[in-house]
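Residue strings, one per chain:
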Amino acid sequence: MKRILSFHAGLVFAFLYLPILVIVALSFNQSRFGVRFTGFTLEWYARLFSNERILEYLTNTLIVAVVSTAVSTVLGTLLAVGLVRYEFRLKNALRYLLYVPVVVPDVVMGISLLLLFDVVRDAIGWPRLSLFTIILAHISFQIAYVTLVVRARLVLLDPTLEEAAKDLGATSWQTFREVTLPLIMPGVMAGALLAFSLSLDDFVITFFTAGSGSTTLPLYIYSSVKLGIRPEIHALSTLMVGVTVLVILLGVLFWKKR
Amino acid sequence: MREAATPAQRLRRVLLTVGPGAFWLVLFVLIPTLIVLVVSLMSRGSLGQPVPPFGLHNYVRFFSDPLFLEIIGRSLWIGLWSTLLVILLGYPLAFYIAQSRYKEVLLLLVVIPFFTNFLIRVYAWIVVFQKEGLLNAFITAFGLPPAELLPSTLAVYVATVYTYLPFFVLPLYAAVERIDWSLLEAAYDLGARPVRAFFEAIFPQTLPGLLAGFLLVFIPAVGTFVIADLLGGGKVTLVGNLIQLQFGSAQNWAFGSAASMVLMAMVLLGLWLYARTQGERGLDRLV
Numbered sequence: 001m002k003r004i005l006s007f008h009a010g011l012v013f014a015f016l017y018l019p020i021l022v023i024v025a026l027s028f029n030q031s032r033f034g035v036r037f038t039g040f041t042l043e044w045y046a047r048l049f050s051n052e053r054i055l056e057y058l059t060n061t062l063i064v065a066v067v068s069t070a071v072s073t074v075l076g077t078l079l080a081v082g083l084v085r086y087e088f089r090l091k092n093a094l095r096y097l098l099y100v101p102v103v104v105p106d107v108v109m110g111i112s113l114l115l116l117f118d119v120v121r122d123a124i125g126w127p128r129l130s131l132f133t134i135i136l137a138h139i140s141f142q143i144a145y146v147t148l149v150v151r152a153r154l155v156l157l158d159p160t161l162e163e164a165a166k167d168l169g170a171t172s173w174q175t176f177r178e179v180t181l182p183l184i185m186p187g188v189m190a191g192a193l194l195a196f197s198l199s200l201d202d203f204v205i206t207f208f209t210a211g212s213g214s215t216t217l218p219l220y221i222y223s224s225v226k227l228g229i230r231p232e233i234h235a236l237s238t239l240m241v242g243v244t245v246l247v248i249l250l251g252v253l254f255w256k257k258r
Numbered sequence: 001m002r003e004a005a006t007p008a009q010r011l012r013r014v015l016l017t018v019g020p021g022a023f024w025l026v027l028f029v030l031i032p033t034l035i036v037l038v039v040s041l042m043s044r045g046s047l048g049q050p051v052p053p054f055g056l057h058n059y060v061r062f063f064s065d066p067l068f069l070e071i072i073g074r075s076l077w078i079g080l081w082s083t084l085l086v087i088l089l090g091y092p093l094a095f096y097i098a099q100s101r102y103k104e105v106l107l108l109l110v111v112i113p114f115f116t117n118f119l120i121r122v123y124a125w126i127v128v129f130q131k132e133g134l135l136n137a138f139i140t141a142f143g144l145p146p147a148e149l150l151p152s153t154l155a156v157y158v159a160t161v162y163t164y165l166p167f168f169v170l171p172l173y174a175a176v177e178r179i180d181w182s183l184l185e186a187a188y189d190l191g192a193r194p195v196r197a198f199f200e201a202i203f204p205q206t207l208p209g210l211l212a213g214f215l216l217v218f219i220p221a222v223g224t225f226v227i228a229d230l231l232g233g234g235k236v237t238l239v240g241n242l243i244q245l246q247f248g249s250a251q252n253w254a255f256g257s258a259a260s261m262v263l264m265a266m267v268l269l270g271l272w273l274y275a276r277t278q279g280e281r282g283l284d285r286l287v
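Chains X and G supply the protein sequences, listed in that same order.
Mapping to UniProt numbering: the first sequence position 188 is 188, numbers consecutive.
Mapping to UniProt numbering: the second sequence position 105 is 105, numbers consecutive.
Derived from the structure by calculation, the hints contain no laboratory data.
Bear in mind that the values here come from a model prediction, so they are computed numbers and not experimental data.
There's no promise every hint is true.
[Unchecked claim] With a straight-line Cα cutoff of 25 Å, these simulated DMTMM-like cross-link-like pairs (lysine to aspartate or glutamate) come out:
| id | chain 1 | residue 1 | chain 2 | residue 2 |
| --- | --- | --- | --- | --- |
| 1 | X | Lys257 | G | Glu104 |
| 2 | X | Lys226 | X | Glu56 |
| 3 | X | Lys91 | G | Glu177 |
| 4 | X | Lys256 | G | Glu104 |
Take these sequences, add in the hints, and give me the full structure.
Structure, rendered in structure tokens:
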């Protein structure tokens, strides 16, 4: 039994890594076409870096990810605190609304935001599709993930700690800043990281809410792939996979230290 | 002693915490969904924009044309089989990882593809399946003629399974980690054979994780348009491709909205069934 399981696991891991390794290998391959390795070269990386556009797309991607993560982390954390600590009307409706961005297919979320921006633009002439609309769209799905992650941490919290702070004369705001926030900080960080990686990864919702001049890296990869395979894209993909691995390893080290 | 908060203070606290987020969700999630519903009842204007008159004509067109029913059927079919294949690959893997001495490393090996950019993961399969790709290099090495593997349904299946496999393994692993193995011993003590012992003692414990993982794969697999677009180009049309087409070159936003509502209804039906058996804790497992 054990042997079958490990054989199976070996096959699955091969399946998971083979395509990625092929891209990495081909990014250093001299031959422009095919998968035959004809010699080592860094030419595709050189071409990639000489393409000024790539830098622009990278900047766009990072601007969107950083701004949307900052906003959604603040809004989502507050929302989680309110949902766990207070009772109010329509609370159930809000809880269900929170699951919508998590479960609705990306393509539906994308076109719904496209329609919203179109309706508003028809009415007041603003906003045109740009980095701004991409950021609004990203916050809209990130906020749900941040809230749910932070909430999972909050419900584990001992409420007597907050009551103790209040009994000692702390105001609501002081209690939140000095007691609640530090205790839920790991949850907030986890939510922010998830939001950030969701933003970097998103293609579909960005696709529907982007305008001219707001190309992100995933949009660029998509349009290049539509035109055919190019070694520069192998190089770009290899770099992106490399950064992903690096960030995950750093994250693991960071978590282990704490 | 501190004093109890007055109703006005309580309202202020709720508004300060829940207010901004709730406002955002209403403006950017609830209202857009309602707009899609309204637009799905409109007609196509001369430039593709939605215009009155209102009616159910888009839905009538959708459900009376075999072409569109076929697209829905194909989306569900490919989504379902991809999900079953993911389970076939992922279910044993989660057990293997949970029992391995190197589980942290193996888990990391699942997490890396999980966080690798979605488009890169799809793109990788183009490199494998294309005419001068890896697979054909193998085939021709045996003296066989190269196969036309792109675009194809096979490529769509493989890439869908590949893309969503980590989505399944991670929640299932969480369930396997919590398994109470003493139940297995008890089953053996009661004389159950290994297969029966597994299905009576272990499988039910993994069921919540299995169902959550099923939805986490099935919903995006049914709704995807990128995979079918890049690997099935023109040959494999899913409901996601239909929606994209209507909002793109076909320029019929009203009909595209109706198709979106149909897709959403299918997803909500699945979720409703899931929530009925798993409750709200089940919904939390989907994050």
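Hint check results:
A C-alpha spacing of about 15 Å is found between Lys257/X and Glu104/G, which places the hinted pair at or below 25 Å, so the restraint holds. Simply put, Lys226/X and Glu56/X have alpha-carbon atoms about 20 Å apart, close enough for the 25 Å limit, and the pair holds. Under the criterion of a C-alpha separation no larger than 25 Å, the hint pairing Lys91/X with Glu177/G is inconsistent with the structure, at around 33 Å. Taking the CA atoms of Lys256/X and Glu104/G, the gap is near 12 Å; set against the 25 Å cutoff, the hint holds.
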